[in-house]
Amino acid sequence: MQADAKQKLRDFVADALIKHGDRNPLADADLLFTSGRLDSFSTMNLVMFLEENFAIDFSDFEFDVGLIDSINLIERFVDTRL
Amino acid sequence: MSLASPLQATGQPPPRRSLRDFFAIDTQPRVVVFAGTPGGRALIFAIGLLAVGRYFDTWATLLAVGAALAAAWLPKYRAPLLLTATWLATLTETLLSGNDFADHIGLVMAAEGIADLPAVGLATASLLVVVIGIRALLAHVRLQPKSLLARHPVLAMLALEAALCALSLPNLLPGWPRLLIWSLLVVVTPFIWFLPYAIIDQRLPSAGPVGLQMATLRPFWSPTYLPFGKGAAYLQKFLAKTPDDLAVTQIKGIKLLVWSNLLLAIQAVLGWLFVSHFDTPAVTRTIDAFLHGQPFPITVSWVALAYSTTQFALQIAIWAHLFIGIARLAGYRLPRGSWRPLESRTLMDYFNRFHYYFKELLVDFFFIPTFFSTFRKHPRLRMFFATFMAAAVGNALWHFVRDIDLVARVGLATALETFASYAFYCVVLATGVGLSQIRANNGIRPSPTVAGKLYSFVFVWSFVVCMHLFSDGSRQHSLSERLSFLASLFGVI
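Heads up: the sequence lines are chains L and B, in that order.
If you read the first sequence in this note's numbering, its first letter stands for residue 1, the second for the next number, and so on.
If you read the second sequence in this note's numbering, its first letter stands for residue 1001, the second for the next number, and so on.
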C-alpha cells in the first residue's frame, strides 16, 4: 500500500472513531473492532471505503472482521488482494 | 516525587475538575489498587448485592453477583462457574410457580383440556430436551462447519421457530402432540437469538469449548431474549487480562449498577410526579378517550406520549446497565447497552446509542448478510436496503418472535393483525435510519453549534416520541386508530 493511501486510510478510521466519540490516539496496530472502539456499522463503512479505494471484491471470500481489525491488518489484507 | 501543590509548581491554579472526572474513580490508581484487596473485593460484593437486589429476588441476586465475582476471581474455574450459574438460573426460573414458560404452556393445556400434569413439569422436561438439542446442534456445527445450518444460522433458527409454531396451531395435531410441540416452542424461543452467535462461534478455528458456549446462552446476568454480550467469542475479546484490568472492569461494573439504580429512582420520581401528582393518563387511555369522542386536551395527550416515551427509554437504559454491570463484575469489560441517547445527533446515531446490543444483533444477522449479497454496484441503495433489512425486517421478526405466546393466546391471525402497528413503526424507523445513514455517508453532518445541537435533539426526540405511539407494544389499538390519534395531536382531525 502506498504511503498516501495508508494516510488516507488512517484519516478515514480516525474520522470514524471521532464519530463514535473516541478521540484517543490511534496507532497502526490498535485493534478497531474486536476492541470495541468501532461497531458493526463502522465495519461496513470501512468495507465500502476499501471497495471504492482499492477495488476489492469482498464476495470473493468469506468475510471475517479479523482481516481488517487494525490499520496494519488492513494494509496487509489490501496488499494480498491487489 | 514532588509534594508541591500544582499551584506552587506552575504558578497557575489547578484546572477545575468536571463532574465526569469526579466520578471517574476507575482512573484513580489508589481506588484500582484497593479494588483488588480483600477489603475492596468485599466492598464490591456488598455494593453489587445492594444494587442488583433492587431488581432480582434474594436467591437470584446472590446467584448473579456471587457467580459473576467468583468467575472473575477464580479464573481457573471460570467456565464451570459460568455454566453452572447460567443453567441454575434458567432451571430455577423454570421451576418457579407463575413463570413465563409454565404460563405460556398453560394456555395450550387449557385449550386442549389437558390437566394430567403441572405445566411446570412439562416446562422442565422441555428444557431438558432443548438443552440436549442445543448441545447436539453445537457439536454438529463443529463437525460440519460448512453445513447449511452452520452457514445460515439465523434462517435455520427462524425456520425452526416457524415450523414449531405452524405445527402447534389448533386442530392440526390436537391433544398431546400439539401440547408437546408448543412446550418445545415456548422453551426454545428465548434461546433463538443466542444460538446463531453460538453457531457462528463454533465455526471459528479458535472456537472455545462447547461448555463455554452453553454458559453464554441466556447467561445468568441477562436472562432475556436479547444477547447482551453476544456470544462466547465476543465476550472473550472483552475479558480482563490483568488484575488491574479486572479491578477497573469491576469498578466500572459497580458504577453502572449504581447508575442503573439512580435511573430507577428517577423513573419512580417521574412516575410520582406525572401519574400521582399530575394524573397523566396512559397513552392507551388517551387513544381510547379520542376514539370515544371525549379526547383529552391536546397538551395532556402530548404529555402522556412524551412521559410514556421517557419511561420506556429509562426502562431500556435501566435493564441494559443492570445486565452489563453484572457482566463487568464477571470480568467482561463490555460496551454499555445504552450510551447517552439524549446526545444523539441523527436518527442513525440514536439507533446506535439507544439499545446497543439490539442494534448489534440486527446488524450482525440482517444488515451484514444483506450488505454483502445485494446491490453491490449501487452503494447508496446497498446501504439503504441493508439498513432497512435490519431496522425493519429484523426488528419486526425479533419482536414477533418475542411475543410468540400471543399465537396461543389470541390466535395467529389476530397476533399478526395486531402486529401491524409495530410493523409500521419498523418501516418508518428503518426509512428514517436509512436516510440518515445515506446523509452521513454523503458528508452531511449536524451543526456542532449549540443551536445545531438543540435542533438535532428536538428533531431526533420528536421523531422518537411520535413513533412511540406505534411501538408501545400494547396491541390494543389498530394502526388506523393510532394514525388518527396522531393526526389529532397535530390538530388535523
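No lab work stands behind these hints: they were computed from the structure.
Positions of the beta carbon are idealized from the N, C-alpha and C atoms, including for glycine.
Careful, some of the hints might be misleading.
Unchecked claim - Label-pair ranges, simulated between beta-carbon atoms:
| id | chain 1 | residue 1 | chain 2 | residue 2 | range |
| --- | --- | --- | --- | --- | --- |
| 1 | B | L1019 | L | R23 | 16 to 24 Å |
| 2 | B | P1209 | L | S35 | 18 to 26 Å |
| 3 | B | G1133 | L | I18 | 41 to 49 Å |
| 4 | B | N1441 | L | D64 | 21 to 29 Å |
What the hints assert, rightly or not - Using 25 Å as the maximum straight-line C-alpha spacing, the simulated SDA-like pairs for lysine to any residue come out as follows:
| id | chain 1 | residue 1 | chain 2 | residue 2 |
| --- | --- | --- | --- | --- |
| 5 | L | K19 | B | P1379 |
| 6 | L | K19 | L | F61 |
| 7 | B | K1453 | L | R23 |
| 8 | L | K8 | B | A1440 |
| 9 | B | K1237 | L | S70 |
| 10 | B | K1237 | L | H20 |
| 11 | B | K1252 | B | E1343 |
| 12 | B | K1252 | B | G1040 |
| 13 | L | K19 | B | K1252 |
| 14 | L | K19 | B | G1452 |
| 15 | B | K1252 | L | K8 |
| 16 | B | K1076 | B | G1211 |
| 17 | B | K1255 | L | D28 |
| 18 | B | K1076 | B | A1207 |
| 19 | B | K1453 | B | W1339 |
| 20 | L | K8 | B | R1382 |
| 21 | L | K19 | B | K1076 |
| 22 | B | K1241 | L | A5 |
| 23 | B | K1453 | L | Q7 |
| 24 | B | K1146 | B | P1369 |
| 25 | L | K19 | B | W1339 |
| 26 | B | K1076 | B | E1343 |
| 27 | B | K1252 | L | F33 |
| 28 | B | K1076 | B | A1240 |
| 29 | B | K1237 | L | A5 |
| 30 | B | K1377 | L | A5 |
| 31 | L | K19 | B | A1207 |
Looking at the structure, which of the earlier hints fail to hold? 6, 15, 17, 21, 22, 23, 26, 29, 31
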